[in-house]
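Asker: Produce the entire structure from the sequences given, and follow the hints as far as they go.
The chain contents come next:
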Amino acid sequence: MADFVELKHITKVYKMGEVEIRAVDGIDFEIEKGELVVIVGPSGAGKTTVLNILGGMDTATSGKIIVDGADITRYNERQLTSYRRDDIGFVFQFYNLVPNLTAKENVELALQICKDPLDAQTVLEDVGLGKRLDNFPAQLSGGEQQRVSIARALAKNPKLLLCDEPTGALDYNTGKAILKLLQDMCRKKGMTVIIITHNSALAPMADRLIKIKNGKVAKMEKNTSPVSVDLIEW
Amino acid sequence: MKKKALKKEFYMEIRRSLGRFLSIFFIVAIGVSFFSGIRAAEPDMRYSGDAYFDEKNLMDIQVMSTLGLTDEDIKVLKQVDGIENVEAGYSTDALCAGTESQAVLHIMSMLPSMNELTLEEGRLPEKPDECAVDADLLAKDGFLARNGYQIGDTIRLTSGTDDPITDTLTGDTFTIVGSVSSPNFISFGRGNTTIGTGSVSGFAAVLPESFEMDVYTELYATVDGAKELTAFTDEYTDHVEQVLDELEERKEERQDSRTKEIREEAETELADGKQELADAKAEAQTELADAKQQIDDGWKQLNDGKAQLASSYAELESSRETLAAGEAEIAQNEKLLSEKTAELETQQETLNEKQRELDGKLAELEGSQSELDVQRAIVEQNKAALDQKQQQLNGSQTALDAQKTELDAQWAQLAESQEALEEQSTLVGVQESQLNELKAQYQALLESGTADEATLQAMEAKIAEGDAALAAAKEQLSGAQTQLTTWKSQLDAAQAQLDAGQAALTAGQEELNAGYAQLTQAQTQLDEGQAQIDSGRTQISEGQAQLDTGKAALESGKTQLADAKSQLETAKQEIADGRAQLTSGEQKIAEAESEIAENEQKLNDAQKEYDDGKAEADAEIADAEAELADAETEIAKIEPAKWYINSRDDLTDYTGYGENADRMRAIGKVFPVLFFLVAALISLTTMTRMVEEQRTQIGTLKALGYDRRSIAAKYLGYATLATVTGSIVGILFGEKVFPYIIITAYGIMYPHMHNVVIPYNLEYALMASMAALVCTLFATIFSCYRELREQAAELMRPPAPKNGKRVLLERMTWIWSRLSFTWKATIRNLVRYKKRFFMTVFGISGCMALLLVGFGLKDSIFDIGKIQYHELSLYNGNVVLNEEASEEEQDAAVKKLDADKRVKSTAENLLTQVTISNGKEEKDVFLNVPKEEEHFSDFVVNRDRITKEQYTLDDSGVILTEKAAKELEVKAGDTIYVVDDEKGEIPYKIAAVCENYMMHYLYMTADLYQNGFEEEPDYNSVYYIMQDGKIAETEDVGGSVIEEEGALSVSYTTNVEEQLDDMLGSLNIVIVVLVISAGMLAFVVLYNLNNINITERKRELATLKVLGFYPMEVAEYVYRENVILTVIGAIVGILLGKILHRFIIVTVEIDTAMFGRNIDFSSFVYGFLITVGFSVLVNAVMYFKLKKIDMIESLKSVE
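Residue numbers (my numbering), protein chains in the order written: chain A, 1 to 234; chain B, 1 to 1199.
Calculated from the structure, these hints are not laboratory results. Hints may contain errors.
Simulated crosslink set (DSSO-like; lysine-lysine; CA at most 27 angstroms straight-line) [as the list claims (entries may be wrong)]: (1) A:K15 / B:K1098; (2) B:K971 / B:K923; (3) A:K159 / A:K180; (4) B:K1187 / A:K15; (5) A:K15 / B:K292; (6) A:K64 / B:K1187; (7) A:K15 / B:K1185; (8) B:K931 / B:K1030; (9) A:K64 / A:K115; (10) B:K966 / B:K1138; (11) B:K1187 / A:K115; (12) B:K824 / A:K131; (13) B:K608 / B:K834; (14) A:K115 / B:K966; (15) A:K216 / A:K64; (16) B:K1188 / A:K64.
To give a feel for the contact side, a few chain A residues facing chain B, derived at Cβ under 10 angstroms [to be verified]: (17) G55; (18) R85; (19) F90; (20) I113.
Chain B residues, not near chain A, derived (Cβ > 12 angstroms throughout) [stated by the list, open to error]: (21) V76; (22) R146; (23) Q397; (24) E1100.
We treat Cβ as the ideally placed atom computed from N, Cα and C, and that holds for glycine.
Answerer: Here it is in structure tokens:
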């Protein structure tokens, strides 16, 4: 199976006055289609930067990212935006729902711009919010909000589902339920899911585990026998 | 502030958020400058006016009297408390004729010190025949300038009344030596008058010496301490009022005394007049009597002359007749003469002929004599022959006579025998008859049978015997007979023989006799011839004698004739002489006649003259008497002197200036407040936002242990600094610039008031800055308080997210379900951020309203000319007829106008100023009575302003123009009263109220006029409309008509329109200021609010970006809200603007005009477009701000 996503020597350098900060310092990894990838690393290791670059929100200083055969590092601003809207689904740590829109509308917000969307209601039912379609974010719990966030990302039918600390703002059980949801989505729909977390305990659930430290890939391994989230404890 | 770190942070904060600081600074500066500036404009206008009036030493009080004012009045006035100084002056209104029109000038004397004139050009008058004229008259379009006058020229004045101008002025011509302006006339108005067109065009200042009046027409007074007070203020008014009250108390007495004086004077004059009249009357009568006498004498003489003439004429006639008779006689005589002459000549001729004839006859006679003599000889011979034969015959005859005597004897025997026979035959006859008788007797007896036979036989025997005797008698008788017959035959033969002899003898005798007869005849003939000859001879001699007599007579006739001729000649001569005499007589008579005719003519003339003179004298006397009577009634009627005590308020346009200041105040009350409100709200939201943004910092500080005051101090300080600096700059700028602009703008209306006094007005400055400060500080404190109330820990956490809310619209599913998702989001957002919603709507509507007011003012004010003169008053010119000219002259003017081919149509009108009242208040309006109502709508359109419904003028009522109706608070169906001097208050029902902008008009039909005024309207004005395309020649037409005596003046609507535009141009600057301010307001508000909006929603927008929204789509997400807000704001702004516009229009309106209440559609469009333009500009700026939003923001935790 050819690599679906390939990162080659990705670096990101921030210049703060005369000081150069190398947030990402030559990262290489590949991901196959349909994998559930967990990227773990301590705070400040550069994992969010990598995710940002991979998600088209930021540009790499150097290196190459190939997603589904296209080199996104050579994309201009507009192409990147198209990339984001068509190929990427993003799940935020703080959900980033539009407070003024109901759950369903928040999903629709994403749908209206993409080419081949799924039905908002179906997706929301899929994530277990079939009964809360018309609730505003403020009326939903954190987990529910995150589910909306995931539904919003999934409904776009993206090539890649990027999740930045999806459980970071959630309690344990809720977090687990969310992770379960993500795993199920990956398994059932064959979605390529990348989860960023600082929690190494989640490693067993991944098809591929990438450890990042100081802007570099410390370790990348394929887990031939990933376990269900239900079985993981932390 | 001891806390150094905080202090530093404060300054850093300002530096960091300079945009925010400046936005507060500027919005406060704008608000304050507008507020204080516009407000200060009002007092500044008063100050400027006051400075001007003080400089010109304008009087405070003016006293005028209907009967003039005397030195005594001055004295009394000076005694009144509070009067500082009194000066007396003269004034009158006079007509000044120009080349194309005439105008009324107010001629006034210059005062020693008050009402000082400003010399604009030239110099002031120094001699009584010099004048300085109103600078406006010499300015472009001024009356004098239009008529080509300039300084150095001479103007001629007429009084405009029956009295000559020289009654009031020393002369009627004045040389213009300069142009001046007067504080009495600060604007364009020059007041009204009773002469000419009724309105004064300008004034002319002259020396008091130029007036020839016994009394002053007006007194001017200044009030102690009034100069120090500002004009147009209550202080000033009250101060002067006190003196006015005092004066009012004194005036009674002065009025009475003046009245008395005048009455006495008039009575004396009347008495004089009466005396004069009586004298004049007497004189006239004497003169007339003389004249009459003379004329009568003349007539008498004339009549004598005529009689004489008549007798002469008769004489002449008779001589003429005599002459004619003589002439006829002469003619007759002449004829006779000529006849006679002719006769004479014929006679002569005849005579001559007769002579010749006589001579002829004589000769003939001689011939006949000789012939006769021959014949005589012959006759003699024949006679002799004849005599012989006679003798022979005589012998034969004697033989024959013898034979005859024998025969005769035989005859006598025979006759005897015959007689005897016959006796026998008779006897036989008796026998027979006796027999026959016997026979008859027998027969009778036989037949009767009575006679016996015997007697019968006897008788038969007798009969038989008688028969036998008879038969024998008869035989004897027959034998005798036969013998006698034989005898007789023998005798016959003898007889025949004798007869033959006798016959032959007779024949011879006869032949002889014939010879004899012939001879005798010849003899007779001869004798006759001889006699004839003799008679011829006698005749001839007689003829000759006669002829001789005739000749003699002829001769004498000829002599007579010659005499007659000579006599005739003499007569002719005589007649010719007579005729000559006659001719000369005729000549003389003709001369006499013509003389008489002449004299008659003369006399008639004299008579006529006398009659005229008498009539004239009578008329004059009657007039004089009437005049005297009038004078008497007038004296009786002499209105008691009435004093008019005026303050400055009664000066033309003086109060207008104050009203303008008041209008400015009205504007100052609305606009700046609006601005100020926006500014306050802006700084409020800005500060609130600032405090909210710094929630964490506040929390941190609080956590660190700073007390609330120290923390709040930063924000309060921030706000204070921005507000105070902004206020100061605003005041410094606003209070100078705005009043200056406004006063300068009004300067167009008050061209001669050059004083601009614009002191800093502390009151408004403090008011504005304090208000600004209070607003911002209150907002800051309020926000700070809300934040500081919370616990530090809570502050460190992000604020609980605001709940999403369903909006009302969602309940209307049929709409909501139709909306696209993004629209739903937009609407929810709009509803969610209510503060922003209202602020933005307010800001944008404010902008829209200001723009609308700005453009609307332009429309309303600038359009009134257009609407008035293109939609309502459709006529191009108005010819005012000269009421002093005769009707024919007026008609000529109208006809000339009618005949002009460039003129499309004309309409005659009565146009006069009247006072109308609603029972309480009065108002001066123009009364317009069209001659032909049916065509009136071609000239003046009466319509409703809003519905545009056209009204037709009919007898159901009058039509009043809108402004007048509004000011008198009347409407259609109400009754108004026309105040007439004679008829009092005439009620009229208002049929309609019509749209009109310039002046006030009352339209009524001629019938209504007649009903009310009880007289025919006297049409005095003619409206005219030019042909299409000939509009440019309107003034040419007017100019040609004004040449007519019957036309007094012409006014052109285009002129009025231009004037109007000039006058109202002053508001243009105000409008520009408004538009610019509106733009600034819109920009600041929108920028600020958008800024806040974007900052507040940074995270949401970043998320959208992450989700793959293109920058434009992100912008749209925000813009959509802005667009809606802009549209809502604009709509609200339209409403607000309309209200504001209406308010301003009503407050800035001048008395005689109604500004349009309309705002053109284009203005809405422009206002909207500009508002949208500002909005777009702000949004464009925002685009870059949006683009700058980092997507990474979305990943951060909520602050």
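Asker: State for each hint whether it applies.
Answerer: Okay, the hints, checked on the actual structure:
1. A:K15 / B:K1098: It holds: about 24 angstroms lies between the C-alpha atoms, which stays within 27 angstroms.
2. B:K971 / B:K923: holds, 15 angstroms
3. A:K159 / A:K180: OK: A:K159 and A:K180 at ~19 angstroms, within 27 angstroms.
4. B:K1187 / A:K15: Roughly 21 angstroms separates the two Cα atoms, so the pair holds.
5. A:K15 / B:K292: Violated: A:K15 and B:K292 sit about 138 angstroms apart, past 27 angstroms.
6. A:K64 / B:K1187: The given pair, whose Cα atoms are some 25 angstroms apart, holds under the 27 angstroms limit.
7. A:K15 / B:K1185: holds, 23 angstroms
8. B:K931 / B:K1030: Holds, at roughly 25 angstroms.
9. A:K64 / A:K115: Holds - the C-alpha atoms of A:K115 and A:K64 are around 26 angstroms apart, at most 27 angstroms.
10. B:K966 / B:K1138: Status holds; Cα separation ~20 angstroms.
11. B:K1187 / A:K115: holds, 24 angstroms
12. B:K824 / A:K131: Holds, because 21 angstroms separates the two Cα atoms, which is no more than 27 angstroms.
13. B:K608 / B:K834: violated, 105 angstroms
14. A:K115 / B:K966: violated, 67 angstroms
15. A:K216 / A:K64: Judged against 27 angstroms, a Cα distance of about 15 angstroms means the pair holds.
16. B:K1188 / A:K64: holds, 25 angstroms
17. G55: holds, 7 angstroms
18. R85: holds, 2 angstroms
19. F90: holds, 5 angstroms
20. I113: Hint on A:I113: holds, closest Cβ of chain B at ~6 angstroms, below 10 angstroms.
21. V76: Label holds. Min Cβ-Cβ 85 angstroms, cutoff 12 angstroms.
22. R146: At about 72 angstroms from chain A, B:R146 clears the 12 angstroms cut-off, so the statement holds.
23. Q397: holds, 216 angstroms
24. E1100: violated, 6 angstroms
Consistency note: the structure conflicts with the earlier hints numbered 5, 13, 14, 24.
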